Every structure is written in structure tokens, then in C-alpha cells.
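Protein chains: 2
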Amino acid sequence: MSNEKIPYKIYLEESELPKQWYNVRADMKKKPAPLLNPGTGKPVTAEELGHVFCTELVKQELDETTPYIDIPEEILSFYKMYRPSPLVRAYCLEKALGTPAKIYYKFEGNNTSGSHKLNSAIAQAYYAKQQGLKGVTTETGAGQWGTALSMACSYFGLDCQVYMVKVSYEQKPFRREVMRTYGASVTPSPSNTTEVGRKILAEFPDTNGSLGCAISEAVEAATSQEGYRYVLGSVLSQVLIHQTVIGLESKIAMEKYGIKPDMIIGCAGGGSNLGGLVSPFIGEMLRGEANYQVIAVEPASCPSLTRGKYAYDFCDTGKVCPLAKMYTLGSGFMPSPNHAGGLRYHGMSSILSELYDQGLIEARSAEQTSVFEAAEKFARVEGILPAPESSHAIRVAIDEALKCKETGEEKTILFGLTGTGYFDMYAYGAYNDGKMSDYIPTDEEIAKSLATLPEIK
Amino acid sequence: MSNEKIPYKIYLEESELPKQWYNVRADMKKKPAPLLNPGTGKPVTAEELGHVFCTELVKQELDETTPYIDIPEEILSFYKMYRPSPLVRAYCLEKALGTPAKIYYKFEGNNTSGSHKLNSAIAQAYYAKQQGLKGVTTETGAGQWGTALSMACSYFGLDCQVYMVKVSYEQKPFRREVMRTYGASVTPSPSNTTEVGRKILAEFPDTNGSLGCAISEAVEAATSQEGYRYVLGSVLSQVLIHQTVIGLESKIAMEKYGIKPDMIIGCAGGGSNLGGLVSPFIGEMLRGEANYQVIAVEPASCPSLTRGKYAYDFCDTGKVCPLAKMYTLGSGFMPSPNHAGGLRYHGMSSILSELYDQGLIEARSAEQTSVFEAAEKFARVEGILPAPESSHAIRVAIDEALKCKETGEEKTILFGLTGTGYFDMYAYGAYNDGKMSDYIPTDEEIAKSLATLPEIK
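Chains A and B are the protein sequences, given in the same order.
Position one of the first sequence corresponds to residue 699 (the working numbering), numbered consecutively onward.
Position one of the second sequence corresponds to residue 699 (the working numbering), numbered consecutively onward.
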């Protein structure tokens, strides 16, 4: 089909929407390493996980063999309120760059949470409701996940308790206010409301907080209240499963117009967006049906894939969660406070870590001023003001499109535009004022943090 | 067609998008009264208007006979980046209300400006560029129009100077930052940068500013700089023309599914959204082809239709603009500072004023706490966090749906959801904290303001 016929935005019909999520582990010959119980050093059981997570989500977490999982009807209904998300042909960006590359992005920002996080939030809230729970607890960094979860809980009438990384809580009062509008309670982390929070505050009274620390508090809050469970917006395999709706929709939309991407680019923090976008494509690679260049882009200030170690580590600072084998910077790693936005998790989804280790994904890091430069360029020509997180993918998509301009290659680039930056104007303001700086951790800093990795018995 | 078959969201194909705007004046037997030159009391000429506005826009402003105006190709291309906007069936709201009414809303918030304002901004920027201008000046109240215009100017490489009502400038620093990201300069109004601003500041040093005042400053800035013109986001007939893309798309989408609204509801400030949404439907009424109940909803704190006078008035506080015959509260009217969001203009589009006077539109006013109550209810079930402005329409849509619940009538309600409230969290926060109050101007206050209406020679 000729390019002229490809619309600016491809919206699928409701009848074309995926009715199942995809579980990439089913197609992996070498599976990701199992979660371990930190006390025994043995793989965690469903029963052990069930104290922390909802029963059905534990099942999904441990399921390595079922390739497709039916999306319950109630979740499909909710998806229809804000999905399909558009697959956009970036005609204006292509023109501005003067590139022969064809650039597409899957835009997940057209919902009030402002990002893809809602895809998993509604699923997790649904299973919690099905189980008859009163509520859920969680952490949030930049605030996208907390907002998404508060929307999902409000829809199902569940209580929602959010521990928000302190620096974000202070920089983003309006994020907090959106969560409150959806009925959630929001506590800056570390806080005095949990034992682990008090302990961290005693040791580091001036800490800005971190995701790892907020996770510890949320887990403690969930396990110490009757009828509560903990839910997580990234990293876990269950989250990647729910997020595959992004990649599945992208594939359906592209196939409808006979488009095949050469390159798929996503930003990578804990891996929820990247995993969701690329899993269905990597599934084809694993089954020997196709080949794609898949690129994970992470902040230079929090470079778990490019500079971390593939090892078992705690998922949280407080060391209350199971151990996961993943690319990690050490559970005590905290990105420099001048780092804006999310993508500040010390580790990476164990599925993506394993795929990266197998060479199916490559990784790059980007410094934040160059990320905001790409964000501004994109905003001015494509109209959408992107989230700082998403702008990591934009940075590399632009870099690759400019390479095509040099070589004359007409590559087809697909990237994930995970969300909007409406609640990140503090960071945009710093960039507009020329006050944004970069920080790349030194080798010594990373080595020091990695020295805290647990020993596996 | 049965309801079951109507999707949650109707997106038109690119090929189905309107290629012409509609000019409702062509179908009005009694036309709106002409703009008058305040000096001579005679209708303004195209030449006079041409000092302030772009030439092509003056033509549209004065054109009372051409029913359809071609949308230039470049504007159609830009529209394709964020249009069609979805026509949403509010299944979840209907269920939450337990109403037999069928509720639809046309959602204009899925673009970075966060509202419908972009529809006219891109048109006005295009004509300015075509005319070879360097830049444009404008005013903005809540900030939606300023953001939209800065996006449009950035796209065409035009300079954009925005005078922002002081109270909004202070309450919405992030709105300002978005405009800056798109390269616009933003000045709080009244300011010392214009003669009229200095005059107003001398008389009312503690003023919160008003739209009427910011308009005066922007007009002065445009006419005192070579290669600049003034553009306006509402009130003018040209703006209503551009905004008919909302109503035209709505009609096409509804007709595609055999839906006919009984009632069309829109919020009303200067009239840009309401006029754009309802004009194509009112055209049918004027031609005797159909009948609809059309409801304008305005804030009780700025009630131009429900409590104003239909008379010639200045469009701006500084009295530098032509006189327009409209429902007005007097050009010196300033809504109470506790009023949140937009819809704070003292007058109303002369087209809508005339249609209202002819009985084709009815009007209601809503108090802001009841508006935010409707906003929160809507956000929690439909997922979208609405702008305070849009929530006026939600309030009346909910009221009408609840009436249907009592009477058992299965009315089809269409309302305009003009935008999102992501930059209005200050106001949502006040509502969340129970600190929001209502203010209804007294009869004396309105009478005092109306006493300033100009005498027409």
C-alpha cells in the first residue's frame, strides 16, 4: 500500500481490539529466572506471593506457559472508554527532520492518567475487586501509575492508598490532586506511617525518596491491613502481560495497512511500556517468524541495562519483596535529584532482562537535556507535549531517523509514546530557563551500590 | 440501529472529515447586528477591521451569506494530527445515573492545548502566515486559547505574544510553561507594557485582571507593531465558523449510526464551543428541516445570557475594539475572583446572542460547586477529568438525564466536552478540600456594570 494512503492516525474499530493479552514467556525457550524467597533462597510459591498480591495476579505472575490470556469482559469495557489508542504516522516530524524514514508512534497519553499505566491498573483493580478485597496499596514515582490506579479503583469502588516518592510529591502537587479527585489517599515516601519508612528516615533523614523505598512502604501497608493487597505498576511479569495490549493493537493496526517496522523503540524504567509494546513482536522473533531491531532507551542517570549487573536483587529498598534476577544497579540506588520524571527504578523487568541477555533487545542511554531537546522538537511539530519518560524514545527515534537521512535508508521506525507531560511542567520550566543539568553516575557510585547485592544461598 | 451496536467511541475516518466550515449566518433570516465603529456609530468597514485583524479573517467576519467555506489544505493536514475528536457514548455515566437517557459527548480535549480552541487557533495562524505577518498577539483567560495559539504559531513559525489574565497567570504557572515550550511570550495582564494596561493599573492597582482588559492590551500590542495582527479565541463570528468542525463532525458521526439528538448542551463563555457545536444543528432548524432543544450553560458568576442585556457594548474593557450587539453584563464586569476556570467574558457572541433572542437557544446558569460536583462524578465514571468550563455542560446533562429517570423518557442528549482539567488542579484542590465557594452577583452589581453601556449615536 502506498504511503499516501496511510492516514495520520490509525484507530482500530472496537471489533478489532485484542480480546486476549499475550504472555511472551510461553514462547521463550530459556525462561526468566524465578522469583526467590529471600529467606530460603528457593523459588517463591503461589501461597507466599498470595499474602502480598491478588490471587489471580499471582497466577499470571507465575504462568510461564500460557501464551494468551483472556481479557475479562469488564476490563474490555473499561478499555473501550479510552482505547484503542491511536497509531500515529509522524508525517510532520519526518518532514521537519527531512528524513526518508517512516516514523510511527503508538500514543498512550489520551486518558486522564496521561499514560499507558491505566492498562494494567484497571486489570489489577478488577482482580482485587473480584477477590472481594477492600482496597489496594501502591507506590508511585512520577505519579502516572498512582493516577492510573486511583482512576481504576474509583471505577470499581476500591480504597486506594498511594505512597508517592517524596521529591515527586513536592514537585507535583497537581498530580496528587488528581489522585485525590479520584478518591485516593496519597502519602509522601518515606513516611512515618510504616516501620520501614521510619527506619529509612532514621538512617537518611534528608532523603528524596526512591521507588524502591516507596514499594517497601506500600507492601508493608498492604500486609498489615485486613482485606488489602499490594499492586505494582511495572517490573512484574503480570504487568507486562496487561501492557501487551499496546503491542497487540500496534501490530493489528500496522498489519491492516501492510506496514512492517524495521525498528521498535521504547523507553525503559521498570519495563512496563517497553515490554508491552515489544512482546508481541519479540514473540514473532522467538518463533522464527520475523526479525526486528528492538531498542530500549533508559536515562543516563539510571542506567540499569547499559551499566547494571544481571543478578538476583531485591525489588525494593526495604528488602521486604522477593528477589528477582534482573539487570540492576543495586536496590539502594537512587538517581540524582536533578533527574526529572520517572524511569528511576534501580532494576528492570526479569522478562526484559532475560531477553536483553539473550540479545533480542539492545539498550541505549540518553542524557536528560538531550531528551528534553527532543521533547520540545517533537511537541512543536507533532503537537503533543510528551512525558519526559516517553521523550527518551523520541530522542532515539529522531537519532535513528537522522541516520537514515545520511544513509538514504527508508527504515520504518515504531516507537512508544507512553504519555503526556502536562504534570511535568516544572521540569519543562527548568529546561525552558536553561537550568536543566545532566548527571551520569560515576563507575565508583555504581560499584558501591552494586556491592549491596544479596548473596544467594 | 440498536443501541448495542453503538460503540463507546465513534471515530470518523479521515475521508469522512468535514472539508468545509459552516457559516450559520447564511441561513439566518434576521442576521446578527453589525459591528459598529465606536467613533462614528456606523458599521465597521473591512478596511477598518484590517488594521486589527488578518485580511482573510476580516472577510470571514463580515460574510453573512456564504454558507460553506473551504478549509484550506494546510489546516486540514493539521486537523488530522488531532482530529477527528471522538463522539463518546457515556455508557458508564448512564449506568451510574440509572437513566434511560442516551448520553453522548463530543470530546475536544485530546490535544495538548487541552480544548477545542486549537480548531480556530490553527486557522487564524494559517491566515496570518499566508498574509506574510511576523506574528500575532492575543489574550488568554484560563489559558486554553493561549496554549492553542502558541501551538499553532509554533507550527507555522510565527511569533506569538500572549496577554494572560493576571489571576490565571498566577494560579496556573504550568499553563504559562506550556506556552513557553511552544515558544510564546506570556505577559500577565494588566501590564505596564501597554498604554491601556498602565491606565487600568493606575485606576485599579489591585485588579485581578479580566479578559476584556487583556483584549485591550493585545489589540494595542498588535496595532503598535509592524507585521502583527490581533487574534481572538472566541466571541467573533470567524471563530464560530472555524469551530463548526465540532458540530459537523458530531452530525456526521451521529448520522452514521442513525442517532438524532433531542437535546444539545454546551457551556457558554464567549460562545466559541457552543456556537461551533450547535451551529450545524441550528442550521437545520433555520431551514425547517429538524428541531432540537439547544441549551447554553453559563456560570452563575458571569451570567451574560440569563441576566445580561441585549445591547451594543464594547468587546473590551479598554474600549479600543468595535462595538458589538450582544447579551452583555457591561464591558467593565469582572467575575468574582473565586470563580475558577474560563467562561469569564462579559459578553456573548453576537451570532449566539441573536439566536438566543430569536428563541432558538435557551440558557441556564450553574453555580460552581455544583459544577465541580458534576465534574467529579463524571471523572470517576467516565475516566476523563473535565475542564471546569466543560463541566457546566456536564452539570446540565446530568440534570436532564435525571429528569428522564423520573419521567422514563429515553431522550438522546448530546453535550460538548470542550476539554480537560489538567491545568485546573488548583480549583479541583479547593473543591477537594471543601474550600470552594459560590458567588452570584447581586442585581445592583449587574445594574451598576450595565450602566456603563455606550450610547449609540
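Be a bit skeptical, because a hint or two may be false.
Copies of one chain are not kept apart here, so a pair can be met inside one copy or by any two copies together.
As the list claims (entries may be wrong) - Mimicking DSS-like on lysine-lysine, the simulated pairs with C-alpha atoms at most 30 angstroms apart in a straight line are: (1) Lys778 x Lys1109; (2) Lys757 x Lys729; (3) Lys1023 x Lys1146; (4) Lys707 x Lys1101; (5) Lys778 x Lys954; (6) Lys958 x Lys707; (7) Lys1133 x Lys1023; (8) Lys707 x Lys757; (9) Lys1146 x Lys1075; (10) Lys1133 x Lys1109; (11) Lys757 x Lys1017; (12) Lys1007 x Lys757; (13) Lys778 x Lys707; (14) Lys793 x Lys827; (15) Lys1101 x Lys727; (16) Lys707 x Lys717; (17) Lys864 x Lys1133; (18) Lys954 x Lys703; (19) Lys703 x Lys778; (20) Lys757 x Lys827; (21) Lys757 x Lys1075; (22) Lys1103 x Lys864; (23) Lys1103 x Lys717; (24) Lys1109 x Lys832; (25) Lys778 x Lys793.
Honestly, the hints are just simulated from the structure, not real lab data.
Keep in mind it's a predicted model, so treat the numbers as computed, not measured.
Check: Quick one: lysine 778 to lysine 954, C-alpha cut-off 30 angstroms, is that within a copy, between copies, both, or neither?
Finding: both (20 angstroms within a copy, 19 angstroms between copies)
Next item on the list: At 30 angstroms max between alpha carbons, let me know whether lysine 707 reaches lysine 717 within a copy, between copies, both or neither.
Entry: Both, since 22 angstroms and 17 angstroms are each at most 30 angstroms.
Note to self: Regarding lysine 864 and lysine 1133, is the shortest C-alpha distance of 30 angstroms or less found within a copy, between copies, in both, or in neither?
What the structure shows: So lysine 864 and lysine 1133 pass the 30 angstroms test inside a copy (21 angstroms) and across (25 angstroms) alike.
Next item on the list: Check lysine 703 against lysine 778 for me: Cα-Cα at most 30 angstroms, and say if that holds within a copy, between copies, both or neither.
Entry: both (26 angstroms within a copy, 13 angstroms between copies)
Margin query: Within a copy, between copies, both or neither: which one fits lysine 958 and lysine 707 at a CA-CA cutoff of 30 angstroms?
Written below: Classified as both: same-chain Cα gap 16 angstroms, cross-chain 27 angstroms, threshold 30 angstroms.
Notebook entry, point to check: At most 30 angstroms between C-alpha atoms: does lysine 778 with lysine 1109 qualify within a copy, between copies, both, or neither?
Noted result: between (32 angstroms within a copy, 23 angstroms between copies)
Item checked: Intra- versus inter-copy proximity for lysine 757 and lysine 707 (alpha-carbon distance at most 30 angstroms) -> neither (36 angstroms within a copy, 33 angstroms between copies)
Next item on the list: Have a look at lysine 757 and lysine 1075 and pick one of within, between, both or neither, based on CA distance no larger than 30 angstroms.
Entry: neither (43 angstroms within a copy, 34 angstroms between copies)
Notebook entry, point to check: With identical chains treated as interchangeable, where does the CA-CA distance between lysine 778 and lysine 707 reach 30 angstroms or less: within a copy, between copies, both, or neither?
Noted result: Both. Shortest intra-copy (17 angstroms) and inter-copy (8 angstroms) distances satisfy the 30 angstroms Cα cut-off.
Notebook entry, point to check: For the identical chains here, do lysine 778 and lysine 793 meet the 30 angstroms Cα criterion within one copy, between copies, both, or neither?
Noted result: Between copies, since 15 angstroms is at most 30 angstroms while 33 angstroms is not.
Check: Checking lysine 757 and lysine 827: alpha-carbon separation at most 30 angstroms within a copy, between copies, both or neither?
Finding: within (16 angstroms within a copy, 59 angstroms between copies)
Next item on the list: Since the copies are identical, ignore which copy is meant and state whether lysine 757 and lysine 1017 lie within 30 angstroms (CA to CA) inside a copy, between copies, both or neither.
Entry: Within one copy only: 23 angstroms inside, 70 angstroms across.
The structure fails to meet hints 7, 8, 9, 10, 15, 21, 22, 23 and 24 from the earlier list, while all remaining hints are met.
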